[in-house]
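Undergrad: Now for the letters of each chain:
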Amino acid sequence: MSKLVAFAAIQGAYNMVAKAEGQLKKTLASKDAATKVEFPNTAYYLPVIYSLLGIPVKTIEDLRKPLAIAKKLLPPHVKRVNHLPYLGPLLDAGMAALFASEITEGLRYVNDPDFYVPGEEVDPSSGKIWLGAADDTIMRKRGVEFVDGSAPGFAAIVGAAPDVETAKLIVEDYQKKNLYIFLAANQSGTTVAEQLIEGGVQIGWNTRIVPFGPDISSAIFALGFANRAAMAFGGLQPGDYKRILKYNKDRVFAFVNALGEVNAEWAAAAAGCVNWGFPTIADTDIPEILPTGICTYEHVVANVPHSEMVQKSIEVRGLKVTVTHIDIPLSYGPAFEGERVRKDDLYCQFGGKVQCTELVKMAEMSEIEDGKVTVVGPDLADIKEGASNPLGIFVQVAGREFQTDFEPIIERQIHHLTNYIQGVMHIGQRDIAWIRVAKQAVEKGFSLAHIGKVLHGKFHQDFTKIIDKVQVTLFTNKADVDKLTAQARAEYKTRDERVDKMTDETVDIFYSCTLCQSFAPTHVCTVSPERTGLCGAYNWMDCKASFEINPTGPNQPIEKGECLDSKYGQFKGVNEFVYKASRGAIKSYNFYSLVHSPMTTCGCCEAIAAVLPLCNGVMTVHRDYTGDTPSGMKFTTLAGQMGGGAQSSGFVGHSKYNVTQRKFLAGDGGLLRMVWMPKSLKEEIKDRLVRRGKELGVPDLIDKIADETVGTTEEEVLAFLQKVGHPALSMPPILE
Amino acid sequence: MAEEKEKKEKLADPVASSIDVATQEMIRRAQQLGIETAFDRGEKLKPCNIGTQGICCKNCAMGPCRLPLTKGVDPLNDDRRSICGATPNTIAARNFIRMIAAGASAHSDHGRCVAEVFMSAARKESDAYFIKDTQKLLDVAPHLGVATTVEVDGQVKDRDLDEIALEVAEKALGEWGKMEGELLYLKRAPEPRYEIWKKLGVLPRNIDREVVEIMHRTHVGVDQDYKNLMKQGTRCALADGWGGSMLATDLQDILFGTPYPLQSEANLGIMKEDHVNIIIHGHEPVLSEIIVQVAQGQEMIDYAKSKGAKGIQLGGICCTANEILQRHGVPLAGTYLQQELAIITGACEAMVVDIQCVWQALANVARCFHTKLITTHPIARMEEDNVIHIEFDEHHALEDAKKIVKMAIDNFQNRDKNKVLIPKHKNPVIAGFGVESIEYHLGGTFRGSYFTLNDNIINGRIRGIGGVVGCNNIRVRHNEAHITVVKELIKNDVIVLTTGCNAIACGMEGLLTPETAQVYCGPGLAEVCETVGIPPVLHLGSCVDNSRILLAATEVVRAGGLGKDLSDLPAAGSAPEWMSEKAISIGHYFVASGVYTVFGVTLPVEGAPVFKNYLFNEMEKLYGGMWDLVPDPIEHARKMIAHIDKKRKALGIDKARERVLLDMADRQKLDAA
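These protein sequences, in sequence, are chains A and B. Counted from 1, the first sequence has number 268 at position 268 by this note's numbering; the numbering is strictly sequential. Counted from 1, the second sequence has number 202 at position 202 by this note's numbering; the numbering is strictly sequential.
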């Protein structure tokens with residue numbers, strides 16, 4: 001049977017390579033050979049070709065080389081009898097087909113630049129439903145979810161289901177299991193993406209349903225995403241194909257679902273995916289390949305009924321997905337976190353123009369009743385459609401191991417836990433929360449009490465070690481909400497002051513964070529009170545709580561030990577830990593410097609700071625900013641060069657919050673060295689930036705920091721700094 | 001008179017002599033023509049009962065001393081002694097390791113010859129030999145301690161290939177006679193294996209020395225402790241497997257190309273009535289490579305046509321056949337026992353021979369036909385006056401080869417058409433598997449790895465690996481034991497790696513085709529064969545290429561999941577129809593490498609029970625591998641399977657593998673990529 005697959009796939013590979021060759025010839029005939037080829041806003045060129053072959057394709061001309069390799073990989077056709085072995089040739093043919101696919105898609109960006117919609121969202125009203133290559137911002141943002149496990153893997157679905165309901169059934173089941181769903185190719189002109197839109201399902205990166213493109217060649221975007229993750233988070237080098245593919249086999253839990261008739265080109269693409277260890281599970285009667293080896297388990301499984309597709313697929317891939325059932329009438333899971341409730345779908349909202357407040361408080365064990373959820377005031381059934389209503393969510397938790405320090409951590413969970421509810425959207429936090437409820441949710445019987453149920457269930461599940469009891473009260477009367485808000489604001493103030501007073505000197509314990517080691521095996525973060533984790537997700541208190549909750553987990557206490565250098569922030573205990581954890585790769589690092597032995601950086605960092613020698617200062621850029629920077633590199637290029645656990649003088653990854661912490665680059669002169677950052681970042685951290693500027697005696701520091709509107713070259717920035725009299729210019733040389 | 005005499009003489013029964021129909025036809029044909037073959041002689045000449053037991057010592061002129069084990073010998077008080085007082089153990093051990101010495105010499109001298117040709121190619125002194133496979137050169141170089149890069153101004157650069165080749169040649173030749181140190185290839189073995197050798201003091205120093213030391217130790221009045229004698233036997237056998245043979249294989253691959261799978265045919269039916277048939281027989285590819293090149297050239301094809309032939313058909317016998325098959329797809333004419341029969345077809349214009357396993361009987365058979373029997377090697381000549389000697393040397397290789405091929409073509413017109421009878425039988429074969437090509441075919445350019453094989457051994461689809469090799473032996477029905485053992489193994493999901501005459505036998509029987517898998521294999525092995533598109537029996541080449549089996553097994557160990565040493569693998573070795581001293585050397589280097597090795601036919605140890613027990617049982621405690629003798633082929637295979645099952649159990653893979661589903665926490669525990 002495998003012989004038939006090999007026979008077909010090799011045929012398909014010949015077709016696809018021939019097509020790519022034809023397209024390249026045609027493009028070369030009509031366009032300058034130096035015409036740029038790229039997937040917009042990525043630093044990885046054509047990522048499959050770049051990652052596996054180490055060839056950076058920049059122009060049409062550059063495509064000749066990978067095309068030649070693809071042609072060379074094409075094996076002889078399989079003979080009917082007394083054939084030669086074909087598994088190796090089959091996989092090579094598959095790879096040739098995938099290189100050809102990437103060439104085809106690269107040329108599509110040249111010849112039909114508007115075919116794909118940039119960004120995360122589709123626009124069905126204008127028929128723009130294909131997203132094409134994920135840019136690096138998306139890859140990093142979403143990649144982190146693969147790193148921390150909030151997305152266990154992805155299902156690449158090619159073709160179309162027999163009907164809309166089946167398409168919904170399969171895709172929503174994957175959503176519930178937290179997987180990403182990547183869509184490509186069509187079955188006689190029908191696609192799963194279109195079927196979902198017809199069925200009223202929101203698609204786009206935010207709901208984890210990603211329509212890449214309508215042709216089989218667009219499946220390459222899924223593999224490009226996976227390989228970029230391997231390079232960005234795994235620290236693997238382009239061209240190191242053995243390790244990149246092995247990384248995918250071991251760590252990226254992806255597979256292919258082939259819906260509908262499998263033609264030769266699909267067979268070729270499926271064979272190509274086997275190189276990644278991604279098996280194909282089909283709903284039609286195609287030849288199966290069951291022995292293991294290249295994939296962890298089976299390679300091709302056929303004839304799977306649609307009702308068993310999801311279960312069978314994750315089983316074949318060797319993936320364990322634990323989904324706890326939350327007893328509410330709506331689907332629940334991270335896949336629904338990014339789902340919007342748009343104006344037309346809106347039933348009512350809490351917050352926005354009216355007050356919406358959330359507060360978590362520790363209670364005595366005897367004080368509260370576990371699982372008790374009370375709605376005080378009108379519930380959804382009593383609220384008119386289109387109304388804006390105040391809301392107060394008051395959560396009381398008790399537990400023998402619970403500490404008041406954990407309150408903000410638990411409170412911060414309300415945002416995403418509420419957002420996980422299908423048809424409910426949550427924005428903001430604390431006293432600026434905002435919840436929008438869709439009509440569909442109310443139709444299915446959703447009530448505010450369900451928010452309480454969700455919080456009760458999830459808190460118990462995620463924080464079982466520290467939480468024994470959870471009681472939730474939801475207030476919908478203005479007076480109650482105002483009362484709660486007043487109490488909450490006093491709480492927030494106390495909390496903020498407590499955190500503010502905490503310094504690296506006042507604690508003896510720092511925490512390690514190896515959360516991302518499943519993806520970046522050599523990187524070790526150390527988190528101190530004044531240096532939050534560079535991913536922005538974990539501060540010192542989070543780590544402390546995480547350790548309490550899971551003493552053998554990714555956050556381990558480190559006795560900081562003797563301070564070896566107070567200026568740069570070097571600690572004996574930390575050095576010893578890092579030396580061991582990095583397997584001897586890193587001997588020491590400094591907490592407060594980017595010039596001298598800075599901390600290592602992984603692909604998850606929120607922002608990267610770099611020295612600008614001409615300006616005698618530093619710049620920083622966050623990952624949402626895709627433009628050029630005065631360092632000469634975009635964020636993604638910077639991250640690409642130093643991610644994966646590297647220590648590179650002159651650069652350091654950090655969280656956005658860290659910028660305004662007192663110890664930020666203190667050894668190099670601190671925040672006063674900051675000469676450039678993107679405008680959007682300035683906006684985001686404005687309040688704290690202004691406050692910190694005042695503390696440093698430069699109240700207008702924010703205005704003295706250049707951004708892209710000033711320029712993106714060091715010369716332009718320098719001229720600006722001289723004009724405004726930036727303090728960095730009068731500081732000692734940054735590079736001694 | 002002559003007729004009367006013939007009737008009295010006992011002739012071989014063709015069907016009882018071979019399972020191969022072509023062979024049966026040719027035995028019958030020979031008997032019709034009144035030509036005696038080895039099959040007939042086998043009926044007349046029975047083996048010596050005392051020699052068979054291994055206890056005849058003729059190492060000095062006081063003897064020969066024969067100490068047969070008879071019913072009268074009390075096993076608890078065995079007082080048999082030679083004139084000098086040697087026990088049966090000493091005698092059997094001395095004889096045994098002298099066989100090892102002879103076998104190791106044969107392989108290693110072959111290797112030396114290749115190394116010398118390699119040197120002339122590296123020095124660019126030859127017009128016929130060149131460094132063909134530069135990738136293999138680069139792969140081999142580090143194992144000989146030859147750098148493949150150089151540092152120029154602090155930058156690492158690729159080293160000049162000619163320079164590498166020259167140093168490889170020097171280092172390789174040094175292995176035969178260097179003054180100090182140990183063989184460099186020993187470190188290619190898994191580390192625990194090397195440590196065992198080191199601990200037991202059996203690391204070979206240089207190839208020649210180990211042979212010489214055997215001859216010394218077995219001289220009258222030197223080493224008289226069978227254990228100590230076997231220690232030297234081990235050292236010498238390792239110098240063959242991990243020395244001479246391995247160097248022969250590697251250097252041949254560099255000179256002539258590393259084999260990749262290809263299609264061809266096997267058995268006497270490959271000879272063509274309307275072609276000039278040249279049969280190449282022997283072992284070294286040094287000569288045959290050039291003959292293939294010349295015979296396939298247009299000049300000679302045209303010349304053949306001018307003499308009334310449609311072309312030139314080459315065919316091989318014995319390991320030369322395997323060498324030119326795996327690199328050029330030249331078909332296999334037959335096994336060791338068919339060498340006379342190729343001439344008896346009446347259609348063999350020339351039989352070109354070099355070294356090893358070439359019978360003097362060929363001269364007599366050739367005399368009955370027009371066939372030119374051409375010896376080519378200075379160390380292997382025949383006394384008969386009809387034998388032509390054309391000495392072949394690497395400096396005049398093309399010239400010599402042309403002379404030989406031309407002589408064959410010129411001989412076409414002398415063929416007596418009435419005497420021509422070529423059997424129709426032949427079967428397709430897929431050959432050309434090696435360490436490199438197996439790796440490729442287990443996952444392609446990007447994912448090629450022995451792990452795929454291991455994974456299917458671990459999950460039980462493949463039960464284990466059998467290495468089935470070796471000669472034919474007139475004392476058993478031609479090919480019967482070979483084929484029965486192999487079929488029994490694959491039926492039980494044991495994948496078979498084959499070399500030598502077993503490989504040819506499997507080819508003749510049609511077992512070297514992928515289609516075989518569905519017919520003869522157990523369901524698990526069949527499924528894996530179907531997935532990879534391979535036959536269940538993989539042709540790995542000639543008898544020096546048993547080194548490929550050692551290295552393939554080493555790769556299996558490296559790929560992980562099946563233990564840390566060769567002796568941990570669910571694998572076993574076999575030589576069902578062995579006859580030559582080379583087989584004893586091979587058998588022993590497999591045992592010393594940790595492999596349970598079963599021989600068929602007989603072993604010259606029966607007369608010395610204590611020594612036999614040492615080989616069959618005590619060895620396992622030292623090396624993890626041991627000898628066995630099982631003449632019945634089914635039982636032979638079953639004992640191999642039982643050993644494989646024992647190893648599976650020790651590895652904890654004797655039960656069905658669970659499907660392990662990983663969650664994020666499991667993934668975080670994975671080792672760094």
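Everything labelled a hint here was simulated from the structure, so no lab data went into it. Among the hints, erroneous ones may be present.
The calculated lysine-lysine pairs, modelled on BS3-like cross-linking and capped at a C-alpha distance of 25 Å, are [to be verified]:
no.	chain 1	residue 1	chain 2	residue 2
1	B	Lys136	A	Lys465
2	A	Lys3	B	Lys491
3	A	Lys478	A	Lys501
4	A	Lys242	B	Lys136
5	B	Lys198	B	Lys157
6	B	Lys231	A	Lys580
7	A	Lys587	B	Lys231
8	A	Lys72	A	Lys25
9	A	Lys320	B	Lys187
10	B	Lys157	A	Lys242
11	B	Lys136	A	Lys71
Which stretches of chain A does chain B cover? Using the computed rule of at least three CB atoms under 8 Å from a CB of chain B, they are [as the list claims (entries may be wrong)]:
no.	stretch
12	133 to 144
13	293 to 302
Remember, predicted model here, so these are calculated numbers, not experimental data. C-beta: ideal position from N, C-alpha, C; glycine also.
Undergrad: What hint numbers does the structure not satisfy?
TA: Structure breaks hints 1, 3, 5, 6, 7, 9 and 12.
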